[in-house]
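Protein chains: 2
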Amino acid sequence: MSEITFKQLEKSASGDRYDWQDLKSQIKFDADGLIPAIAQQYDSKEVLMMAWMNEKSLQETLETGRVCYWSRSRQNYWRKGEESGQIQTLKELRFDCDGDAILMLVDQTGPACHTGRRSCFYTLVDKDHAEITSDPLIDPATLYKK
Amino acid sequence: MSEITFKQLEKSASGDRYDWQDLKSQIKFDADGLIPAIAQQYDSKEVLMMAWMNEKSLQETLETGRVCYWSRSRQNYWRKGEESGQIQTLKELRFDCDGDAILMLVDQTGPACHTGRRSCFYTLVDKDHAEITSDPLIDPATLYKK
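Protein chains in written order, with full-length UniProt numbering: chain A, 1 to 146; chain B, 1 to 146.
Incorrect hints may appear among the rest.
For chains that are exact copies, the list does not tell them apart, and a pair is met inside one copy or across any two.
[Said to hold, decoys possible] In silico DSBU-like pairs for lysine-lysine, Cα to Cα no more than 30 Å straight-line:
no., residue 1, residue 2
1, K91, K24
2, K127, K7
3, K24, K45
4, K56, K91
5, K28, K45
Keep in mind that the hints were calculated from the coordinates and are not lab data.
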């Protein structure tokens, strides 16, 4: 096993392939062992949310195809949809150029946001105002009764 | 001036507007005073990159309409395109539900990535492999000669 760095990948051409085992030790987790992960709906391309993963939640996500984050507030694994039933199925997982951010294309069942909205990014800053741009698809009281 | 929290916005309806001055003190910067900011091309919806902002770079971005990050490696303001000429014009800026992540719709001139690629997310993890999915639009040696 010969390790490869994200730096070395920079010169690669489209279609070049490397052993994932040789790259994954190079992922840049932060001081808390976390990496930011963006979830984007694979067909509409809407950005749904950004949350955090640790090494194990990333591994679980890749193995199961169901997105698992690390909840910083609960200090526990956060299997998206475990409580609400609104799961995220992984379609594609990518790293950025320096290996310190993840972009996932997912298929999100219903709302991604705990407020019941499709996306967490519903607060638009428009000059002197902050404007709410979407309504809940489902009442969160219903969502978390399950 | 009466402050409003992101928590209070959760119950708001689409179209509700608040004074930005009353919300901006509630942004959740991390221990280093930073917040992650995702840049998405406004028309193609491609996610281009994720970087970090501090309070001042956010303010500059909103005031000038040109995206300014905080570079953690250089510990300095990073006015996107200052060196490379590949600027990011802000179309829209949004916060997520708990005010600890930013999504920007931008118009990116040429490559967003320092490798000369359009997007930083060119390393796809596919089962046992990492695969490079795009080539540079411009040789980075040319890009940073300016």
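Results of checking the hints against the structure:
1. K91 - K24: within (19 Å within a copy, 35 Å between copies)
2. K127 - K7: between (39 Å within a copy, 21 Å between copies)
3. K24 - K45: Both ways: K24 and K45 sit 26 Å apart in one copy and 28 Å across, limit 30 Å.
4. K56 - K91: within (19 Å within a copy, 36 Å between copies)
5. K28 - K45: both (26 Å within a copy, 26 Å between copies)
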